[in-house]
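There are 2 protein chains.
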Amino acid sequence: MPAIGDVARLAGVSKSTASRALSGRGYVAEETRLRVEEAAQRIGYIASPDAASLVTGRTKNVGVVIPFVNRWFFGEVLEGAERALLSAGYDLTLYNLAIGGPERDRVFDFFLARKRVDAVIAVGVDLDEREVDTITSRGKPILALGGTAPGAPRLAIDDRAAAGLATQHLIQLGHTRIAHLAGAGAGSAARSVQAMRTAGFQDRMSAAGLVPVGEPSGVIEADMTLPGGYSAGLQLLGHPGARPTAVFAASDEIAFGVMRAAERLGIAVPSALSIIGFDGHEHAELFGLTTIEQYPEEQGRLAVETVMEWLGEGYGEVDLATAGVPLATRLVVRSSTTAAPR
Amino acid sequence: MPAIGDVARLAGVSKSTASRALSGRGYVAEETRLRVEEAAQRIGYIASPDAASLVTGRTKNVGVVIPFVNRWFFGEVLEGAERALLSAGYDLTLYNLAIGGPERDRVFDFFLARKRVDAVIAVGVDLDEREVDTITSRGKPILALGGTAPGAPRLAIDDRAAAGLATQHLIQLGHTRIAHLAGAGAGSAARSVQAMRTAGFQDRMSAAGLVPVGEPSGVIEADMTLPGGYSAGLQLLGHPGARPTAVFAASDEIAFGVMRAAERLGIAVPSALSIIGFDGHEHAELFGLTTIEQYPEEQGRLAVETVMEWLGEGYGEVDLATAGVPLATRLVVRSSTTAAPR
DNA sequence: CTGAAAGCGCTTACAG
DNA sequence: CTGAAAGCGCTTACAG
Chain A
1 MPAIGDVARL AGVSKSTASR ALSGRGYVAE ETRLRVEEAA QRIGYIASPD AASLVTGRTK
61 NVGVVIPFVN RWFFGEVLEG AERALLSAGY DLTLYNLAIG GPERDRVFDF FLARKRVDAV
121 IAVGVDLDER EVDTITSRGK PILALGGTAP GAPRLAIDDR AAAGLATQHL IQLGHTRIAH
181 LAGAGAGSAA RSVQAMRTAG FQDRMSAAGL VPVGEPSGVI EADMTLPGGY SAGLQLLGHP
241 GARPTAVFAA SDEIAFGVMR AAERLGIAVP SALSIIGFDG HEHAELFGLT TIEQYPEEQG
301 RLAVETVMEW LGEGYGEVDL ATAGVPLATR LVVRSSTTAA PR
Chain B
1 MPAIGDVARL AGVSKSTASR ALSGRGYVAE ETRLRVEEAA QRIGYIASPD AASLVTGRTK
61 NVGVVIPFVN RWFFGEVLEG AERALLSAGY DLTLYNLAIG GPERDRVFDF FLARKRVDAV
121 IAVGVDLDER EVDTITSRGK PILALGGTAP GAPRLAIDDR AAAGLATQHL IQLGHTRIAH
181 LAGAGAGSAA RSVQAMRTAG FQDRMSAAGL VPVGEPSGVI EADMTLPGGY SAGLQLLGHP
241 GARPTAVFAA SDEIAFGVMR AAERLGIAVP SALSIIGFDG HEHAELFGLT TIEQYPEEQG
301 RLAVETVMEW LGEGYGEVDL ATAGVPLATR LVVRSSTTAA PR
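Going down the list, the sequences are from chains A and B. Under this note's numbering, the first residue of the first sequence is numbered 1, with each subsequent residue one higher. Under this note's numbering, the first residue of the second sequence is numbered 1, with each subsequent residue one higher.
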């Protein structure tokens with residue numbers, strides 16, 4: 001494994017000069033630089049990142065903390081972030097954060113507290129102050145993408161407004177018997193994404209003088225997955241008497257599950273039941289699902305660019321003020337919603 | 001940021017002793033060890049992994065090369081690997097490998113060639129010799145999980161046999177008009193997973209004296225996604241005359257797409273069309289999909305354990321001979337397959 | 001069982 | 001514009 005000394009010797013310069021030539025920092029005669037680069041090329045020299053990190057304090061590595069890999073939204077964010085990081089010459093270290101418990105503490109206290117990453121992007125998780133502190137106290141910036149992290153900058157869509165828009169869509173179609181399938185945790189974690197979506201739903205319902213309809217309260221929490229939506233849907237739609245004519249699902253995956261439940265129960269969509277989802281899942285088009293689109297892959301990229309900016313990686317073009325909160329969403333109407341049955 | 005010197009001073013020992021006490025390597029008096037550990041604890045000392053790596057040559061980091069994050073199989077593998085790595089005290093660096101091109105070269109020549117990882121797990125990708133070489137020539141072991149990597153150890157299910165089993169299931173149900181929706185690339189990359197599944201299909205068809213049925217050849221390549229299966233399904237099932245009575249889809253995601261296509265075309269499943277998938281997708285049960293299950297999360301864990309064994313991390317319990325090829329699969333019969341219509 | 005010293009492979013002031 | 005030297009924070013022979 002060639003070291004910088006080998007390059008220097010071959011190029012007939014000192015290690016200092018070789019280092020400057022290769023890194024582009026400091027003065028080096030053009031001709032010398034060429035000679036050094038050639039030498040490096042010739043022997044296949046690649047600088048040891050560990051040695052470099054040790055002296056610069058920079059690792060060229062960003063940690064991504066994420067609660068799931070296997071849900072559409074998160075997978076997209078991860079792919080977007082990975083691509084952006086790679087093209088900036090950074091590694092991505094993945095921390096798949098379990099919801100809580102000792103594993104979670106270990107990620108913060110052991111893994112992230114070491115100096116292995118230059119920054120942390122926390123995707124869709126709600127961090128507490130201590131967790132944020134563990135990271136920032138070591139001088140590493142942290143960015144929350146969705147989710148919350150007290151004291152840390154945040155990049156997010158306006159979940160509350162967007163959920164309001166979804167609800168409004170149903171109301172405008174003349175629905176009055178509307179239910180909401182909230183994401184699990186909407187009732188507990190007060191400022192969570194799920195809670196904001198539920199709040200947005202309730203905003204518009206109240207404004208329209210409506211009350212959620214369904215079993216038991218018109219707002220049912222569902223695991224944010226297709227099976228979660230399916231069983232919540234069965235529960236919601238199982239009682240013919242109290243059945244809503246429209247449902248706002250907190251995610252497209254929940255919505256797909258409700259569609260499946262409706263199919264099982266013989267409830268026609270959209271004629272007997274309108275369904276609107278949230279996310280812009282890649283299957284939404286195929287299933288004709290009306291939804292609030294957001295753009296997670298783009299969000300992942302944006303998060304990386306923001307962090308690169310912080311780290312002084314000269315992404316001069318990124319206008320943080322413009323790129324900032326709230327991120328883009330869009331109502332896309334398809335065939336799963338229609339006017340209320342009369 | 002406290003360094004080991006601070007710990008040593010506080011404990012009243014030398015840095016050498018502090019290092020030994022903390023790492024557990026070499027002799028240290030029990031009483032001394034306690035004192036050092038206490039000191040470390042007190043000032044919140046965490047060893048710099050960069051400095052340690054520089055001298056030991058070990059990074060406690062494993063690179064995972066994976067073509068997709070957002071497909072069920074890959075997401076599961078990733079989660080399984082991540083969990084196992086974390087509990088072994090290792091970081092996971094994610095390389096989301098684009099199918100080819102300069103990005104891909106960059107991952108091998110720049111990212112993986114540096115000494116940032118102790119080993120590489122390549123999931124579901126087909127590496128060429130040069131790529132394997134870049135890694136092994138730097139003294140780093142590489143493990144192929146599914147996919148292929150010439151010269152590198154491989155952990156995989158027996159795709160060919162398992163695909164044969166799926167086909168056999170349809171044949172035993174009395175089907176003679178059987179089609180196969182292959183994964184894209186089955187025809188080109190000779191030893192790929194997709195090709196093996198197609199080969200397994202053809203093995204059994206020939207053995208039964210059957211010929212694939214459908215449009216145009218009875219074997220259609222589909223993108224291994226739900227939309228991919230949908231459009232291939234539409235193509236396959238669109239001509240009422242040449243329609244098969246059973247389909248073996250190379251993945252559950254393709255199978256879901258075919259189910260959707262059948263629904264669109266008004267073809268009843270399973271009475272008019274039996275469908276069997278491959279993978280054991282988390283939604284298979286909900287959709288009543290008969291499939292060949294495999295266990296990707298477990299596979300990810302197993303891959304990590306194998307690599308840990310190589311790295312001497314004392315996973316003594318793992319019996320590589322037993323854990324080895326081929327990994328477990330199982331035929332799970334649900335409601336998407338039934339006897340051939342007569 | 002413990003400590004002094006060397007060294008891992010870089011980068012960065014500092015002189016020149 | 002270039003080089004000698006120090007130092008980043010560890011670990012590991014080697015003596016004792």
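In case anyone wonders, no lab produced these hints; they're calculated from the structure. A hint or two may mislead.
[Stated by the list, open to error] Quick look at which bits of chain B chain A covers, simulated, 3 or more residues with Cβ under 8 Å:
#, stretch
1, 47-59
2, 78-87
3, 145-157
4, 214-220
5, 226-232
[What the hints assert, rightly or not] Listed next, with one range per pair, are the computed distances between beta-carbon atoms:
#, chain 1, residue 1, chain 2, residue 2, range
6, B, Ala199, A, Gly44, 51 to 57 Å
7, A, Glu263, B, Gly57, 27 to 33 Å
8, A, Arg264, B, Ser206, 55 to 61 Å
9, B, Arg264, A, Asp133, 31 to 37 Å
10, A, Gly100, B, Ala3, 57 to 63 Å
11, B, Gly89, A, Gly44, 26 to 32 Å
12, B, Ala98, A, Arg138, 32 to 38 Å
13, A, Glu37, B, Ser137, 56 to 62 Å
From a predicted model like this one, the values you see are computed outputs, not experimental measurements. Ideal Cβ placement from N, Cα and C applies to all residues, glycine included.
Now for the hints, and whether the structure bears them out:
1. 47-59: Contact hint for the stretch 47-59 of chain B vs chain A: holds, 8 residues under 8 Å.
2. 78-87: Contact hint for the stretch 78-87 of chain B vs chain A: holds, 6 residues under 8 Å.
3. 145-157: Violated: only 0 residues of the stretch 145-157 of chain B have a Cβ under 8 Å from chain A.
4. 214-220: violated (count 0)
5. 226-232: With 3 residues closer than 8 Å to chain A, the stretch 226-232 of chain B meets the three-residue bar; holds.
6. B:Ala199 x A:Gly44: 51 to 57 Å: Hint violated: Cβ distance 39 Å, outside 51 to 57 Å.
7. A:Glu263 x B:Gly57: 27 to 33 Å: violated, 58 Å
8. A:Arg264 x B:Ser206: 55 to 61 Å: violated, 40 Å
9. B:Arg264 x A:Asp133: 31 to 37 Å: violated, 54 Å
10. A:Gly100 x B:Ala3: 57 to 63 Å: Hint violated: Cβ distance 32 Å, outside 57 to 63 Å.
11. B:Gly89 x A:Gly44: 26 to 32 Å: holds, 31 Å
12. B:Ala98 x A:Arg138: 32 to 38 Å: Holds, at about 33 Å.
13. A:Glu37 x B:Ser137: 56 to 62 Å: violated, 22 Å
Consistency note: the structure conflicts with the earlier hints numbered 3, 4, 6, 7, 8, 9, 10, 13.
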